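Asker: Chains A and B supply the protein sequences, listed in that same order.
FYI, the numbering for the first sequence is 1 to 116, going by the numbering used here.
FYI, the numbering for the second sequence is 1 to 114, going by the numbering used here.
Be aware that one or more of the hints could be misleading.
What the hints assert, rightly or not - Short derived list, chain B residues pointing at chain A, Cβ under 8 Å:
{"no.": "1", "residue": "L45"}
{"no.": "2", "residue": "Y48"}
{"no.": "3", "residue": "G51"}
{"no.": "4", "residue": "K53"}
{"no.": "5", "residue": "Y64"}
{"no.": "6", "residue": "V88"}
{"no.": "7", "residue": "E102"}
{"no.": "8", "residue": "Y104"}
{"no.": "9", "residue": "F105"}
Everything labelled a hint here was simulated from the structure, so no lab data went into it.
Since the model is a prediction, treat every value here as computed from it, not as a measurement.
All residues carry an ideal CB built from backbone N, CA and C; glycine is no exception.
Residues per chain are reported as follows:
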Amino acid sequence: AQTVTQSQPEMSVQEAETVTLSCTYDTSENNYYLFWYKQPPSRQMILVIRQEAYKQQNATENRFSVNFQKAAKSFSLKISDSQLGDTAMYFCAFPPAQGGSEKLVFGKGTKLTVNP
Amino acid sequence: DAGITQSPRHKVTETGTPVTLRCHQTENHRYMYWYRQDPGHGLRLIHYSYGVKDTDKGEVSDGYSVSRSKTEDFLLTLESATSSQTSVYFCAIRKSTGPTYEQYFGPGTRLTVT
Numbered sequence: 001a002q003t004v005t006q007s008q009p010e011m012s013v014q015e016a017e018t019v020t021l022s023c024t025y026d027t028s029e030n031n032y033y034l035f036w037y038k039q040p041p042s043r044q045m046i047l048v049i050r051q052e053a054y055k056q057q058n059a060t061e062n063r064f065s066v067n068f069q070k071a072a073k074s075f076s077l078k079i080s081d082s083q084l085g086d087t088a089m090y091f092c093a094f095p096p097a098q099g100g101s102e103k104l105v106f107g108k109g110t111k112l113t114v115n116p
Numbered sequence: 001d002a003g004i005t006q007s008p009r010h011k012v013t014e015t016g017t018p019v020t021l022r023c024h025q026t027e028n029h030r031y032m033y034w035y036r037q038d039p040g041h042g043l044r045l046i047h048y049s050y051g052v053k054d055t056d057k058g059e060v061s062d063g064y065s066v067s068r069s070k071t072e073d074f075l076l077t078l079e080s081a082t083s084s085q086t087s088v089y090f091c092a093i094r095k096s097t098g099p100t101y102e103q104y105f106g107p108g109t110r111l112t113v114t
C-alpha cells in the first residue's frame with residue numbers, strides 16, 4: 001500500500017526560529033508530486049508547497065522550503081523565521097498512483113505551535 | 001481561491017436520519033473529492049468524481065453515497081447517519097490546469113451526529 005508517515009504528532013518553535021517537519025512516503029512510482037498543506041485554526045486547507053520528484057532542486061516558497069531526498073523517500077518541510085501565523089496543522093500528501101483518479105494520500109499531520 | 005463552497009457549514013443531526021452535504025464549484029473542474037477529517041487520521045478519501053455521473057469509492061466509503069448530476073455540484077449523502085460519522089467533511093477539486101494531482105479545498109462542513 002502507498003503510505004505517508006508523519007512521525008511528529010506535535011512540535012513547537014519559538015517565533016523567528018527555524019523548524020523542520022518530517023514526512024516519509026512509500027511508492028513504486030518514479031515520477032510524482034509531493035505536497036505540504038497547512039490547516040490553521042480556521043480549518044481551511046491551504047497548499048503550502050509542491051515538489052516534483054523528477055526535479056533535483058528543492059522547492060522554495062518564501063520562508064517555506066523542502067528537503068527532498070528521493071532515494072530515502074523523504075520530504076521534509078522547513079519553515080524559516082517562524083511567525084505566529086504559522087501555527088497550524090501541517091499535512092504531507094502525495095498521489096499513490098499515476099494517472100486515473102489522481103487521488104491524494106495524506107499523512108496524519110503535525111501540529112505546529114509557534115510561541116512568542 | 002478555487003471557488004469552492006460547501007453547505008451547510010455546520011449541522012447537527014440525529015442517528016438514523018439522512019444527511020446530504022453539498023459541494024459547489026464555479027470553475028467547471030472535472031475532478032472532485034470528498035474527504036473526512038478526524039483527529040489522529042488526517043484526511044481520508046470517501047468518494048471522488050471524474051466527471052458528470054462518474055464516481056468511485058475511496059478508502060472509507062461505507063455508509064456514504066455520492067452523486068454528480070452537474071459539473072459544478074458534488075453531493076455526499078449519509079443514508080442513515082451514525083455517531084461514527086461525526087466528523088469534518090471537506091470537498092476538494094483538482095484544477096484542470098497546473099501541476100497534476102494538486103488539490104484545492106472547500107471550507108469544510110462540521111457534522112455532529114447525536
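Asker: Hints first: check each against the structure and report whether it holds.
Answerer: Okay, the hints, checked on the actual structure:
| no. | hint | result |
| --- | --- | --- |
| 1 | L45 | holds, 6 Å |
| 2 | Y48 | holds, 6 Å |
| 3 | G51 | violated, 11 Å |
| 4 | K53 | violated, 16 Å |
| 5 | Y64 | violated, 16 Å |
| 6 | V88 | holds, 7 Å |
| 7 | E102 | holds, 6 Å |
| 8 | Y104 | holds, 7 Å |
| 9 | F105 | holds, 4 Å |
Checked against the numbered hints listed earlier, the structure breaks hints 3, 4 and 5; every other hint is satisfied.
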